[in-house]
Amino acid sequence: MKNTIMENKNFRPLDLKKKMRPGESVIQSLLFISGVLSIFITVAIVYELGKEALLFFNNPDVTLTKFFATTQWQPGIGLFGIWPLVTATLTTSAIAIFVSLPLGLAAALFLSEYATPKARSTLKPILEVLAGIPTVVYGYFALLFMTPLLQSIFGESVQVYNMASAGIVMGIMILPLIASMSEDALSAVPRSLREGAYAMGATKFETSIQVVLPASLSGVGAALIIGISRAIGETMIVAIASGSGPNFTFNPFKAAETMTGHIARISGGDLSYNSIDYTSLFAVALMLFLVTLVLNLISQVVVERFREKYE
Amino acid sequence: MQTNETPEYAIETKDLSIFYGAFKAVSDVNMLLEKQKITAIIGPSGCGKSTLLRAFNRMNDFVPNSHVTGEILMRGQNLYGSNIDPVEVRRSIGMVFQKPNPFPKSIYENIAWGARINGFKGNMDELVEQSLRGSALWEEVKDVLQKSAYELSGGQQQRLCIARTIAIQPSIILMDEPASALDPISTLRIEELMQELKKNYTIIIVTHNMQQAARVSDYTAMMMLDKEGSRSGTVIEFSETKRIFTNPKDKRTEDYVTGRFG
Amino acid sequence: MNPTDNHYPTGESFRKSLNGRYRIASIWQAIFFSALLIALLSLAALLYNVVDGAFGYVAFEYKNDPTEFTAKPLDDLNKQELLEILQTNLSSGAYTKLDNEKTMEKRSKSVLYTLVLERLIQVDTKKTWSMTDSILRGNEIKAEVAKKYPEAKLEFRSWLTPVFLTTPMSSKAEFAGVRTAILGSLWMVGIAILFALPIGTGAAIYLQEYATKNFLNRIIQTNINNLAGVPSIVYGMLGLAIFVRALEPFTSGSMFGITDTNGRTILSAGLTMGILVLPLIIINGQEAIKAVPDSLRQAAYGIGATRWQTIWHHVLPNALPGILTGSILAVSRAIGETAPLIIVGASTFISLDPEGPFSKFTALPIQVYQWTTRAQTEFHAIAASAIIVLLILLLTLNAAAVIIRNRVQRKY
Ligand SMILES: Nc1ncnc2c1ncn2[C@@H]1O[C@H](COP(=O)(O)OP(=O)(O)OP(=O)(O)O)[C@@H](O)[C@H]1O
Ligand SMILES: [Mg+2]
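Protein chains in written order, with this note's numbering: chain B, 328 to 638; chain A, 236 to 497; chain F, -16 to 395.
Keep in mind that the hints were calculated from the coordinates and are not lab data.
Each hint should be verified, as a subset may be incorrect.
A few chain B positions that, by computed beta-carbon distances, are all more than 12 Å from chain F [unchecked claim]:
id	residue
1	K344
2	R348
3	K451
4	T462
5	Q486
6	G498
7	P517
8	A612
9	T619
10	S626
11	Q627
List time: in silico DSSO-like cross-link candidates among lysine-lysine, alpha-carbon distance up to 27 Å [claimed, not checked]:
id	chain 1	residue 1	chain 2	residue 2
12	B	K636	F	K196
13	B	K531	A	K462
14	A	K382	A	K356
15	F	K85	B	K345
16	A	K377	A	K340
17	A	K377	B	K636
18	B	K636	A	K259
19	F	K85	F	K62
20	A	K356	B	K531
21	A	K486	A	K249
22	A	K356	F	K131
23	A	K356	B	K636
24	A	K462	A	K433
25	B	K636	A	K249
26	A	K249	B	K445
27	B	K636	F	K273
28	B	K531	F	K343
29	B	K451	F	K196
30	A	K477	B	K531
The structure displayed is predicted, hence computed values, not measured ones.
Heads up, the beta-carbon is just placed ideally off N, CA and C, and yes, glycines get one too.
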């Protein structure tokens, strides 16, 4: 049998000119559109929130002075002071960070500096499971476990809905995020640095706290910022456990409604599209978006810098 | 640690073998290292030089599953004895690494940190100055002590690492290819520094550079995988540097130092 | 430097200070470890709290005496007898309505039994107890019920039952189920994935295989990372403004001749959720594509394949498990998300199965939210049951993701 593969192919016509490949270009354009779509989403968020927020601020009853200098928020009856929502958001987020930063950092230090690989592989799933639980379930936990617990410790002063319970549970929810980002940062510190410390007669603890942790500080900072952004944007826990109704207070045992909780409660009902209630929600949402956007951007820049330092 | 003063010898190994898990990386090393001398360890890549060096200050403790058999004796005490504290060992046997690894702190803090954790009671400024003078870095950095150590050049960083090591006043300094990441001029400075340091310290240095070993060391240990097929390294010849380079007993040593090695 | 001039503690005193250092070190190590312990305890407390709520004693009374309807004990009735009771005692309008929803003869015995209880006898729950209380204080509870509610029956109940999974919503906690919520969740997630998977994978391919390092592509990448961190409630607002309101003719189905709904439909929710999980799918997709070794691409190019042929025949098949894992994670995220659904207006009381993308809907987490915020404790009990259903669903999904991930790891 004649072996066609071994035949001399020199006589085959050779054409190396560029060819039109319409199929390829169509596919490439489709893929490009998919990529660019994400930008449209951001634009749409800014446009939609901005448009409605503008309607809100253009309302003759709303002035910036009222918005920033009064402390009662009830757009339906002409009270436009944003502060009660902001203070509740700040209080719950601060409690959450107060819980999650030390715990998350300690967990990260244990996992990256002390745990054997085997211990790590049994301990990490705990954090992964915590991270995978829907926030509405944390809400249930806050209202029906944490609040009674706080009431049994601190007594009557703890209201049924209160910021402390929501904040603490939010801290538990954010803990895995801070732990895993911090652990990444700690493990990125080169081994040579640890060896340098050990070689000078440092104990493991001195090495991890005085050498490794400072070296990874920017990474830990990025984790903190993302944690804050998460806490500010978290909705369900505060909607369930922190109280419904704006309340200008920093007392964590009192009920107060956060920005997110407020949006969730008001929009849950039947809202007519052109009411001041409707547009005011968008103004609040826009603030939320901008704050978290800035935090996320800062954290990204910090992580990028940190990576460059050690790679 | 003042018992059994043996004046001539800083450290001694007896039938020392080092394992990573089941793998025997270094086998049966017997050496007597003289005080205030520089001993070079040479040999082809992967023969266990770093492993042996890191056994002296128990840095291999951090490798899971590693262990040693035999003894390393320092003034009569076995460094791997059950009553020995590895942190104390590292305090008295300092180490300088291949790549400079200053801490991400100021120049001053790089030196003060080790002193502080080890309970230094004297004048810190003085200690920093003396250590930096001791490592021939003082003149270059005396005005910028608060700057980050990362802003120094590689050669300066390495001298800073030497400075922080001598600041804790060990009796032995281990150096694992301390100049391999440096340019020739910085290398020369480190070599001069070693000559200076040996007045007070015993130095053990791993190097790939034959000329360097010949230039700086008093004694040389030649390491090699012990036989065909085995992956364990051992010291095949150990004597005065002059002898190793001019009149070695072992054919393999001769091949290696003259560059005829595979 | 003068080595005799030694300011370091030596011998015994160094030993002592070292022991002190070790003590501090081990205290701190214990503290670090306890952070993980606290995490573990929180997880345990959370799961316990949920299970605790889903089982326990219930004290209830019958508003109408069962003997008014039948001489036999209720539990002994067969299907036919139950049907007859319903027929004779319900008003004909109510019966016809039920029959129209689903033919009565076709309903199972347990459904009919529930209907008899719900519509005729009518249960009035007096009080519920948690599982722990029920086990530890059983006798006290019995005494309390005998004293306070002499008419009441006391029963140890699992609120989570097969019937709970298969019955639709009800205004009475005792008869409510999550059937419509589960179906709503599935529809919503299905639409979300149908929307986000092709676009997300496309974007991932574009960014990994086509994009050069120019300004536009850097913006796209940064933007995607940022979108992943936007609070979910903001996506809800976007969905409200765009899908529910602006695109109402499309999302309500009125474009297609459906008249009885507004824009608050499964379609709006699904698309909103699709946008929410899109960044997640893109980022996971990019990771999966990045993990495909370059040698594979070069081999394909080497035998004259075009770029798309290389991607389609070599890169994608190898990245597929990773992309799949990413989609499962996205599905888990979408199933658990609640806030955007509240914003785009999930209804809470849906007793009919959703029929398509233009139906009104509810979803599992919405039900959890709704029931948790009710004051009556029997609603907390069904909230706990719904949470268990939700968690089991998520656990199954994640187990699937882990299995796929392990398969892939073995390959390279
Ligand atoms: N941490 C470790 N775990 C397991 N094996 C190791 C480890 N470190 C080194 N080895 C093995 O021990 C042997 C000796 O390694 P070592 O680093 O001591 O060689 P070396 O002589 O210093 O080589 P080089 O000149 O390249 O630095 C090698 O086979 C190496 O693979
Ligand atoms: Mg080496």
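Do the hints match the structure? See the list:
For K344(B), the shortest C-beta to C-beta distance to chain F comes to about 15 Å, beyond the 12 Å cut-off, and the non-interface label holds. At roughly 6 Å from the closest C-beta of chain F, the C-beta of R348(B) falls inside 12 Å, breaking its exclusion from the interface. Listed as a non-interface residue, K451(B) fails to keep its Cβ farther than 12 Å from every Cβ of chain F; the least gap is roughly 9 Å. Against the 12 Å criterion, T462(B) falls within the reach of chain F, whose nearest CB is about 7 Å from its own CB.
Distance to chain F confirms Q486(B) as a non-interface residue, since its nearest Cβ pair spans about 15 Å, more than 12 Å. Non-interface call for G498(B) relative to chain F: violated, since the shortest CB-CB distance, roughly 9 Å, does not exceed 12 Å. In this structure P517(B) is separated from chain F by more than 12 Å, as the shortest Cβ-Cβ distance comes to about 21 Å. Listed as a non-interface residue, A612(B) fails to keep its Cβ farther than 12 Å from every Cβ of chain F; the least gap is roughly 4 Å.
Once the 12 Å rule is applied to beta carbons, T619(B) is inconsistent with being away from chain F; the minimum gap is 6 Å. For S626(B), the condition that its CB be more than 12 Å from all CB atoms of chain F is violated, with the nearest at approximately 8 Å. Interface exclusion of Q627(B) from chain F breaks down, the closest Cβ pair being 6 Å apart, not more than 12 Å. Under the criterion of a C-alpha separation no larger than 27 Å, the hint pairing K636(B) with K196(F) is consistent with the structure, at around 21 Å.
Of the supplied pair hints, the one linking K531(B) and K462(A) is violated, its CA atoms being roughly 38 Å apart against a limit of 27 Å. Taking the CA atoms of K382(A) and K356(A), the gap is about 24 Å. The hint holds against a cut of 27 Å. Between K85(F) and K345(B), the direct Cα distance comes to roughly 66 Å. Violation of the 27 Å bound is thereby established for this hinted pair. Of the pairs offered as hints, the one joining K377(A) and K340(A) holds, with about 16 Å between alpha carbons and a cut-off of 27 Å not exceeded.
Straight-line distance between C-alpha atoms of K377(A) and K636(B) comes to about 26 Å, which keeps the hinted pair within the 27 Å bound. Of the pairs offered as hints, the one joining K636(B) and K259(A) is violated, with about 36 Å between alpha carbons and a cut-off of 27 Å exceeded. Proposed proximity of K85(F) and K62(F) is supported: the alpha carbons are some 16 Å apart, at most 27 Å. Distance hint between K356(A) and K531(B) is fulfilled; the C-alpha atoms sit about 22 Å from each other, no more than 27 Å.
A distance of roughly 25 Å separates the Cα atoms of K486(A) and K249(A); the hinted pair therefore holds under the 27 Å criterion. Using a Cα cut-off of 27 Å, the hinted pair K356(A) and K131(F) is violated, with the two alpha carbons roughly 76 Å apart. As the CA atoms of K356(A) and K636(B) are separated by approximately 35 Å, the hinted pair breaks the 27 Å bound. For the given pair, K462(A) sits about 34 Å from K433(A) by alpha-carbon distance, which is inconsistent with the 27 Å threshold.
Distance restraint check for K636(B) and K249(A): the Cα-Cα separation of roughly 43 Å exceeds the 27 Å cut-off, and the hinted pair is therefore not satisfied. Distance hint between K249(A) and K445(B) is unfulfilled; the C-alpha atoms sit about 35 Å from each other, more than 27 Å. Between the alpha carbons of K636(B) and K273(F) the distance comes to roughly 23 Å, so the proposed pair stays at or under 27 Å and holds. Restraint check for K531(B) and K343(F): the C-alpha separation of about 59 Å exceeds 27 Å, so the hint is violated.
Straight-line distance between C-alpha atoms of K451(B) and K196(F) comes to about 36 Å, which puts the hinted pair past the 27 Å bound. For the suggested pair K477(A) and K531(B), the alpha carbons sit about 42 Å apart, so the restraint of at most 27 Å is broken.
Hint violations for this structure: numbers 2, 3, 4, 6, 8, 9, 10, 11, 13, 15, 18, 22, 23, 24, 25, 26, 28, 29 and 30, all remaining hints satisfied.
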